[in-house]
Amino acid sequence: MKLPFLPNHDDASFFDFLTAQHPELTPGGHRWDERLPGLAEPSRAGGAVTVPQATTVLAIKYQQGVIIAGDRRATEGFQIAERRIEKVFKIDDYSAMAIAGAAGPCVEMAKLFQTELEHYEKLEGVQLSCEGKANKLGQMVKANLPMVFQGLVVMPLYVGYDLKRTEGRIFKYDLAGGRYEESDYHAIGSGGKDARNTMREHFRRGVAEPDALKLALLALYNAADDDVGTGGPDLVRGIYPTAKIVNATGITDVSEEQIRNIYDGLIETRRSKER
Amino acid sequence: MPMPYYVSPEQMMQDKAEYAKKGIAKGRSIIAMEYANGILMAAENPSASLHKISEIYDNIAFAGAGKYSEFENLRKAGIRHADLKGFMYSREDVTARSLANGYSQSLGTIFSQEIKPLEVEILVVQIGHNGHSNEMYRISFDGSIIDEKQFAVIGGKSEAVQAALKEKMPEQLPDLKTALTICMGALEQTGNQKLSLEALEVAVLDRTRDSRKFRRYTPSETKQLLS
Numbered sequence: 087m088k089l090p091f092l093p094n095h096d097d098a099s100f101f102d103f104l105t106a107q108h109p110e111l112t113p114g115g116h117r118w119d120e121r122l123p124g125l126a127e128p129s130r131a132g133g134a135v136t137v138p139q140a141t142t143v144l145a146i147k148y149q150q151g152v153i154i155a156g157d158r159r160a161t162e163g164f165q166i167a168e169r170r171i172e173k174v175f176k177i178d179d180y181s182a183m184a185i186a187g188a189a190g191p192c193v194e195m196a197k198l199f200q201t202e203l204e205h206y207e208k209l210e211g212v213q214l215s216c217e218g219k220a221n222k223l224g225q226m227v228k229a230n231l232p233m234v235f236q237g238l239v240v241m242p243l244y245v246g247y248d249l250k251r252t253e254g255r256i257f258k259y260d261l262a263g264g265r266y267e268e269s270d271y272h273a274i275g276s277g278g279k280d281a282r283n284t285m286r287e288h289f290r291r292g293v294a295e296p297d298a299l300k301l302a303l304l305a306l307y308n309a310a311d312d313d314v315g316t317g318g319p320d321l322v323r324g325i326y327p328t329a330k331i332v333n334a335t336g337i338t339d340v341s342e343e344q345i346r347n348i349y350d351g352l353i354e355t356r357r358s359k360e361r
Numbered sequence: 070m071p072m073p074y075y076v077s078p079e080q081m082m083q084d085k086a087e088y089a090k091k092g093i094a095k096g097r098s099i100i101a102m103e104y105a106n107g108i109l110m111a112a113e114n115p116s117a118s119l120h121k122i123s124e125i126y127d128n129i130a131f132a133g134a135g136k137y138s139e140f141e142n143l144r145k146a147g148i149r150h151a152d153l154k155g156f157m158y159s160r161e162d163v164t165a166r167s168l169a170n171g172y173s174q175s176l177g178t179i180f181s182q183e184i185k186p187l188e189v190e191i192l193v194v195q196i197g198h199n200g201h202s203n204e205m206y207r208i209s210f211d212g213s214i215i216d217e218k219q220f221a222v223i224g225g226k227s228e229a230v231q232a233a234l235k236e237k238m239p240e241q242l243p244d245l246k247t248a249l250t251i252c253m254g255a256l257e258q259t260g261n262q263k264l265s266l267e268a269l270e271v272a273v274l275d276r277t278r279d280s281r282k283f284r285r286y287t288p289s290e291t292k293q294l295l296s
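Those protein sequences? They're chains A and B, same order as listed.
For any residue, its number in the numbering used here is found by taking its place in the first sequence, counting from 1, and adding 86.
For any residue, its number in the numbering used here is found by taking its place in the second sequence, counting from 1, and adding 69.
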């Protein structure tokens, strides 16, 4: 049955609906190559485009769930483009994603993924499984591949609480849409390696929530210490990294006050070492 | 070549309307009623999984009476319309009025152009916030659209239910428990039988909730609410 004046589509995916009927609204759907022929060649396009990127975002599993956190800096070459950008997004009641890459397409993909999951839930009457959500995100990353050749990278880190397995889960991706599950912790972005090094030293399985949060913030601090693309706590302006906690009761933001307190302690310890 | 029989347009429309009305009257009624904190929707529904009432968007809900496959199709199209609009513009730009207009256009076109009209009657309701009033639109099989106040009834013996509700409606907006009691009373009175909570589908658009205002009540939650 075709309905005039209303959108007609056959399956429950919002992303597929957009791709089929409004391709201009999907992240990989811009047909730039037709309008700007110069951009079609990756060799010429890659160097010319500078977009805000560079980041550290990370996720750590703890006893009851997962913590996901990220810094607040966006850069454009050697310039700071934005000091308060938010890189950790609530996706639905039981999952969140953090992003690294070109800011615009990243935020767009987070928004699209939010809509995708809500759309599915409303149409089908049930939520997608944790695994199903992670796979869908992989397909969206894969669809963005043409944009990667234009220099617009979108790299998500996805965490969810699996209600069936009653545990938190972490998924990382590659540019071709490959999806890999991490068992303990992971960090991506230009400072990802530095953050992973810190977490490797201090992480142990079944760590309690306050310790995991402290470790997440310490890893971000160390990443900001070594990586110019990552912003540390800005004490003058009062800008701090953000973190969210995902567990069986849902998703909660860690309050700025709590994060500030942890950083105050951390900075005090560092300062005492310099004396 | 045989000549096709001539049927006057009046006759054709009347036949289609009668056919659609008959289909819609076969089912049971669904009520939407404004209460102090939002809009309550209640329907007699023996199935716990095939819903007649559902969420469209943050402040908007949908109810369909008549043929399940047909109003289910309309519901899905409505969700696509709303999600697309919310994605393209912003969440606050999704309105019940624009959705109701889409439904009205769609149903009207199908009624006049297709051989078989849709045997459905639907409700699109939206709760207002920041001082804006609630909106309730009832849309019939032929695309006619009616802006309802206080309560709206679709499907089954809707006129009888409406009359029963008119008698019982208090001056002030009732609280949720009172509103549900009134709805159940009206459904029982016109159906001439006691309603079991298992066969009652209850959902609300609750203004006090965050972002997505739609909430479904399970039979045990309904029982708790009424106690």
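Source of the hints: derived by calculation from the structure; they are not laboratory data.
Certain hints may be false.
[What the hints assert, rightly or not] Away from chain B, derived, C-beta distances all over 12 Å, residues of chain A:
#, residue
1, P93
2, N94
3, A98
4, F103
5, K197
6, L209
7, V212
8, D260
9, N283
10, R291
11, V322
12, G351
13, K359
[Stated by the list, open to error] For each label pair, taking beta carbons as the anchor points, the in silico distance ranges come out as:
#, chain 1, residue 1, chain 2, residue 2, range
14, B, D244, A, K279, 34 to 44 Å
15, B, D244, A, V212, 50 to 60 Å
16, A, R286, B, K246, 36 to 46 Å
17, A, S215, B, T178, 31 to 41 Å
Idealized CB from N, CA, C, for every residue including glycine.
We went through each hint and held it up to the structure:
1. Residue-level check failed: P93(A) sits 4 Å from the nearest beta carbon of chain B, not beyond 12 Å.
2. A cut-off of 12 Å between C-beta atoms contradicts the statement that N94(A) is not in contact with chain B; the least separation is 7 Å.
3. With a minimum CB-CB distance of about 8 Å to chain B, A98(A) fails to clear the 12 Å threshold, and the non-interface call is violated.
4. A cut-off of 12 Å between C-beta atoms contradicts the statement that F103(A) is not in contact with chain B; the least separation is 6 Å.
5. Taking the minimum C-beta to C-beta distance to chain B, about 7 Å, the non-interface status of K197(A) is violated against the 12 Å cut.
6. Listed as a non-interface residue, L209(A) fails to keep its Cβ farther than 12 Å from every Cβ of chain B; the least gap is roughly 6 Å.
7. Residue placement check: V212(A) does not keep its beta carbon more than 12 Å from all beta carbons of chain B (closest about 10 Å).
8. Distance check on D260(A): its Cβ is at least 26 Å (rounded) from any Cβ of chain B, clearing the 12 Å threshold; non-interface status holds.
9. Every C-beta of chain B lies more than 12 Å from that of N283(A), the closest at about 38 Å, which supports listing it as non-interface.
10. Against the 12 Å criterion, R291(A) stays outside the reach of chain B, whose nearest CB is about 34 Å from its own CB.
11. With a least CB separation of 33 Å from chain B, V322(A) remains clear of the 12 Å interface cut-off, as annotated.
12. Against chain B, the non-interface label of G351(A) holds: every CB pair exceeds 12 Å, the least being about 32 Å.
13. At roughly 44 Å from the closest C-beta of chain B, the C-beta of K359(A) stays outside 12 Å, upholding its exclusion from the interface.
14. A C-beta distance of roughly 58 Å is found between D244(B) and K279(A), which places it outside the suggested range of 34 to 44 Å.
15. One distance hint, 50 to 60 Å for the beta-carbon pair D244(B) and V212(A), is violated here, with the actual separation near 31 Å.
16. For the pair R286(A) and K246(B), the supplied restraint of 36 to 46 Å is violated, since their beta-carbon distance comes to about 56 Å.
17. For the pair S215(A) and T178(B), the beta carbons lie near 39 Å from each other, so the given range of 31 to 41 Å is met.
Figure legend: structure checked against the earlier numbered hints; hints not met, in rising order: 1, 2, 3, 4, 5, 6, 7, 14, 15, 16.
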